[in-house]
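**Student:** This is what each chain is made of:
There are 2 protein chains.
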Amino acid sequence: MNQIIEARKGNITPEMEAVARAESVSSEHIRGGIENGTIVITRNNRHRNITPLGVGRGLRTKINANIGTSKDRMSIPDEIEKLKVAVAAGADAVMDLSTGGPIIEIRKEILKQSTVAIGTVPIYQAAVETVGQGKSIVQMDPDLLFRVIDEQAEEGVDFITVHCGVTRESVERLRTQGRIMDVVSRGGAFHLEWIITNDAENPLYEQYDRLLEIAKKYDVTLSLGDGMRPGCLADATDRAQIQELITLGELRDHAHEAGVQVMIEGPGHVPINQVETNIRIQKELCKGAPFYVLGPLVTDVAPGYDHITSAIGGAIAGAAGADFLCYVTPSEHLRLPDLEDVRDGVIASRIAAHAADIAKGVPGAMEWDREMARRRKALDWKGQIELSINPDRARKLRESSLPKESDVCSMCGEFCSMKGVSKYLKKDGRKKQAR
Amino acid sequence: MNQIIEARKGNITPEMEAVARAESVSSEHIRGGIENGTIVITRNNRHRNITPLGVGRGLRTKINANIGTSKDRMSIPDEIEKLKVAVAAGADAVMDLSTGGPIIEIRKEILKQSTVAIGTVPIYQAAVETVGQGKSIVQMDPDLLFRVIDEQAEEGVDFITVHCGVTRESVERLRTQGRIMDVVSRGGAFHLEWIITNDAENPLYEQYDRLLEIAKKYDVTLSLGDGMRPGCLADATDRAQIQELITLGELRDHAHEAGVQVMIEGPGHVPINQVETNIRIQKELCKGAPFYVLGPLVTDVAPGYDHITSAIGGAIAGAAGADFLCYVTPSEHLRLPDLEDVRDGVIASRIAAHAADIAKGVPGAMEWDREMARRRKALDWKGQIELSINPDRARKLRESSLPKESDVCSMCGEFCSMKGVSKYLKKDGRKKQAR
Numbered sequence: 243m244n245q246i247i248e249a250r251k252g253n254i255t256p257e258m259e260a261v262a263r264a265e266s267v268s269s270e271h272i273r274g275g276i277e278n279g280t281i282v283i284t285r286n287n288r289h290r291n292i293t294p295l296g297v298g299r300g301l302r303t304k305i306n307a308n309i310g311t312s313k314d315r316m317s318i319p320d321e322i323e324k325l326k327v328a329v330a331a332g333a334d335a336v337m338d339l340s341t342g343g344p345i346i347e348i349r350k351e352i353l354k355q356s357t358v359a360i361g362t363v364p365i366y367q368a369a370v371e372t373v374g375q376g377k378s379i380v381q382m383d384p385d386l387l388f389r390v391i392d393e394q395a396e397e398g399v400d401f402i403t404v405h406c407g408v409t410r411e412s413v414e415r416l417r418t419q420g421r422i423m424d425v426v427s428r429g430g431a432f433h434l435e436w437i438i439t440n441d442a443e444n445p446l447y448e449q450y451d452r453l454l455e456i457a458k459k460y461d462v463t464l465s466l467g468d469g470m471r472p473g474c475l476a477d478a479t480d481r482a483q484i485q486e487l488i489t490l491g492e493l494r495d496h497a498h499e500a501g502v503q504v505m506i507e508g509p510g511h512v513p514i515n516q517v518e519t520n521i522r523i524q525k526e527l528c529k530g531a532p533f534y535v536l537g538p539l540v541t542d543v544a545p546g547y548d549h550i551t552s553a554i555g556g557a558i559a560g561a562a563g564a565d566f567l568c569y570v571t572p573s574e575h576l577r578l579p580d581l582e583d584v585r586d587g588v589i590a591s592r593i594a595a596h597a598a599d600i601a602k603g604v605p606g607a608m609e610w611d612r613e614m615a616r617r618r619k620a621l622d623w624k625g626q627i628e629l630s631i632n633p634d635r636a637r638k639l640r641e642s643s644l645p646k647e648s649d650v651c652s653m654c655g656e657f658c659s660m661k662g663v664s665k666y667l668k669k670d671g672r673k674k675q676a677r
Numbered sequence: 243m244n245q246i247i248e249a250r251k252g253n254i255t256p257e258m259e260a261v262a263r264a265e266s267v268s269s270e271h272i273r274g275g276i277e278n279g280t281i282v283i284t285r286n287n288r289h290r291n292i293t294p295l296g297v298g299r300g301l302r303t304k305i306n307a308n309i310g311t312s313k314d315r316m317s318i319p320d321e322i323e324k325l326k327v328a329v330a331a332g333a334d335a336v337m338d339l340s341t342g343g344p345i346i347e348i349r350k351e352i353l354k355q356s357t358v359a360i361g362t363v364p365i366y367q368a369a370v371e372t373v374g375q376g377k378s379i380v381q382m383d384p385d386l387l388f389r390v391i392d393e394q395a396e397e398g399v400d401f402i403t404v405h406c407g408v409t410r411e412s413v414e415r416l417r418t419q420g421r422i423m424d425v426v427s428r429g430g431a432f433h434l435e436w437i438i439t440n441d442a443e444n445p446l447y448e449q450y451d452r453l454l455e456i457a458k459k460y461d462v463t464l465s466l467g468d469g470m471r472p473g474c475l476a477d478a479t480d481r482a483q484i485q486e487l488i489t490l491g492e493l494r495d496h497a498h499e500a501g502v503q504v505m506i507e508g509p510g511h512v513p514i515n516q517v518e519t520n521i522r523i524q525k526e527l528c529k530g531a532p533f534y535v536l537g538p539l540v541t542d543v544a545p546g547y548d549h550i551t552s553a554i555g556g557a558i559a560g561a562a563g564a565d566f567l568c569y570v571t572p573s574e575h576l577r578l579p580d581l582e583d584v585r586d587g588v589i590a591s592r593i594a595a596h597a598a599d600i601a602k603g604v605p606g607a608m609e610w611d612r613e614m615a616r617r618r619k620a621l622d623w624k625g626q627i628e629l630s631i632n633p634d635r636a637r638k639l640r641e642s643s644l645p646k647e648s649d650v651c652s653m654c655g656e657f658c659s660m661k662g663v664s665k666y667l668k669k670d671g672r673k674k675q676a677r
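Here the protein sequences line up with chains D and E, keeping their order. According to our numbering, the residues represented by the first sequence are 243 to 677, in order. According to our numbering, the residues represented by the second sequence are 243 to 677, in order.
Think of the hints as simulated: they come from the structure by calculation, not from any bench. Any given hint could turn out to be false.
Intra- or inter-copy, both count: the list cannot distinguish identical chains.
Calculated lysine to any residue pairs in the SDA-like style (CA-CA distance at most 25 Å, straight line) [what the hints assert, rightly or not]:
no. : residue 1 : residue 2
1   : K350      : V380
2   : K646      : E347
3   : K638      : D580
4   : K668      : A442
5   : K624      : K638
6   : K459      : G606
7   : K619      : I484
8   : K619      : T418
9   : K377      : S648
10  : K661      : G420
11  : K638      : L581
12  : K661      : H496
13  : K529      : P294
14  : K313      : R637
15  : K638      : E582
16  : K638      : L386
17  : K619      : E397
18  : K638      : E323
19  : K624      : S268
20  : K646      : T293
21  : K624      : S643
22  : K377      : I422
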């Protein structure tokens, strides 16, 4: 089963139907979007235990949570716990970015236990294996990388980040650009180092057809990575970044023609007044392909609060047309996230995505807020808490400080405007009708 | 001393000089802005112990923290502690919204101990006193309200919210509009109830000159309140709100002519795609007067996280030209904020204001981010933490999970892209030069 090929034949697959139902749109909207490349369904055709995830035009803005070990912190149970916390908090997808410990075992367990789409960055495993052989990353054998991609696809990974746009050309543009932070993408950095040291082209670019063949077979969605994404505001929207994006646009065309679903990854650190421009240029250069943004973070100065800096950027990006937000946790730039960070990161991203969906006019988005407003007006506390993005937290905060009058809150107490005004407006309304 | 009168004479006051120095702009920019009403300096001419606060065009976006008691929670030491936490976290101004306990004593203590501008909403005290006399708020004597305003001005309050735009006309527009949440402004609700019950005009509107006389004498800045601000997304940017804004624009003219500094208050709950429109219409209708926004919150569904929903709206509002952001804490809609909420609220607002300042091109804003980026690139952890918006939090997060290699972090560990790339780019750079 391959969604693009079915879409081209005019067939509605069960996955398209499931996505259409979940999104309150027609199955034809989904089929058409897959056919023209503006929608992807990220589900490996071997990964049966997850809900197929639709990403793209006219659909709810999705959010991804990154989990995974590093050499400094590695534990399978911890990662499974993070997976569960992320899904419970509302993540639509989870990426396993493990680079420490038994990474294959961790991934297999995550694939087994997850109910949502799972993504990976195969170059991480290739790097870990290369280093494990006592070599440096720049000595990585391209065949090893393709073997890893093939294995992960066979295991059931739903989408993979591949930094095909880190090419000799974009590396050269990076050099002539001059940046403060050069490359901050780990995968992007590996490829750049490999290209420069071997004086050779990126194997994922040079042997792109080999990559497409694997992806097509398992219907793995390619998430074309932005190795040149800016790592600070000062580096945003520069020639290296846009050069890579042009290449990603071309690669999107090749993949789509070959029957492979594609998303494009985007920045990064971007000043608030450049966020919309970044979305528009991606949509133009990549012919409306789904845009998967990391952040964007609208300032560099708030480590410890980057769930907030990225919620700001993500909301603006989403409203401007970004389709998929990668969460950022409060720990970003400081340490590997813990469970609390994962939850906070997912909720902050969901807030951003939902705010964006209201602007996008996504079916049902505004109705959630309208219903919350009705319950607020009715002083229906149980109803408000139920409808909150995280009912547990709302309940805890309210219960920590209950007011003497049970139908108000401890901020305004007896002076609750919610409570006072209605009767006056009503009274007066009757007076007017009597005239 | 009255800033507008001095500005009109072409005089640079010590306050204008202090603001110019703090903002890295010319004193003439400040004087000119005060003369044409696009800048205010919120300092009561009797309140000597604070730093004069400049708000308006070309200046850093400011943030305000609301503190104060309610009937359910009242303690002077708690409020002084909140004041200190807010100022330490970086609040530019603090509003005392106390409605419970010894509110006059609380305010006097706050005025004495604060190093930043203090604002109030005098109608709250008038309401508390009226209720204290065994009456209902709708029985409030207008003279009592003016007496309270005069007393607070004499005590040294720097700016006051006055809901002069809640008039018979805007109340009528509210009724014909039809809203889910009617009025959510406490002060706005008091005035509306008073107007309807007494079938009379708002005394602050009808006797506006009396208000101006007091404000002029003490150089108290009027913050023209938005009693008709939307309390949910569905009510945003409606006829009641814009009707009030038109009136506020007219009142701004009268005040400015009379030598009284004016800010305009704004929403509230606003969908992300209406935020910029709200700023532009205010700037047009109010001839560029400083805009003081509460939030805006870009969704209603996230109680417990409204510091995030308002950081999103505040950043967009600021980038579009809002001058002053009123913080919203995680406790909003649920309870009176505690110390932790105050700190979290201030930091979230500062992030929004700073992200906006980068877009506005405020002197020095981008340089902060640029310097942080340099320290990141240099793996200068001490420097990064020093430069963080809240160094304590950044330090705690990093120290909670130190990596084995001391110059990286526990997220990427040995695979730190920061660390790897530079040497390759440099090596290659030398090669190229040798050609």
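**Student:** Have a look at K624 and S643 and pick one of within, between, both or neither, based on CA distance no larger than 25 Å.
**Tutor:** Answer is within: at 15 Å inside a copy they meet the 25 Å cutoff, but 39 Å across does not.
**Student:** Is the C-alpha distance from K661 to G420 at most 25 Å within one copy, between copies, in both cases, or in neither?
**Tutor:** between (60 Å within a copy, 17 Å between copies)
**Student:** For the identical chains here, do K459 and G606 meet the 25 Å Cα criterion within one copy, between copies, both, or neither?
**Tutor:** neither (35 Å within a copy, 53 Å between copies)
**Student:** Indicate which option fits the pair K668, A442 if close means a Cα-Cα distance not exceeding 25 Å: within, between, both or neither.
**Tutor:** For K668 and A442, only the inter-copy Cα distance (17 Å) is at most 25 Å; the intra-copy one is 77 Å.
**Student:** Can you tell me if K661 and H496 fall within 25 Å by alpha carbon in one copy, between copies, both or neither?
**Tutor:** neither (61 Å within a copy, 34 Å between copies)
**Student:** As a check of your reading, is K638 near D580 (CA-CA no more than 25 Å) within one copy, between copies, both or neither?
**Tutor:** both (21 Å within a copy, 14 Å between copies)
**Student:** Between K619 and T418, at a C-alpha cutoff of 25 Å, which is it: within one copy, between copies, both, or neither?
**Tutor:** Intra 59 Å, inter 18 Å, cutoff 25 Å: inter-copy only.
**Student:** When no copy is specified for K377 and S648, does a C-alpha distance of 25 Å or less occur within a copy, between copies, both, or neither?
**Tutor:** between (67 Å within a copy, 22 Å between copies)
**Student:** Given identical chains, is K624 near K638, meaning Cα to Cα at most 25 Å, within a copy, between copies, both, or neither?
**Tutor:** So K624 and K638 pass the 25 Å test inside one copy only (12 Å; across, 36 Å).
**Student:** State whether the alpha carbon distance between K350 and V380 is at most 25 Å within one copy, between copies, both, or neither.
**Tutor:** neither (27 Å within a copy, 68 Å between copies)
**Student:** Evaluate K638 and E582 at a C-alpha cut-off of 25 Å and name the case that applies: within, between, both or neither.
**Tutor:** both (16 Å within a copy, 15 Å between copies)
**Student:** Check K646 against E347 for me: Cα-Cα at most 25 Å, and say if that holds within a copy, between copies, both or neither.
**Tutor:** between (54 Å within a copy, 23 Å between copies)
In this structure, the hints that do not hold are numbers 1, 6, 12, 16, 17, 19, 20, 22, in rising order.
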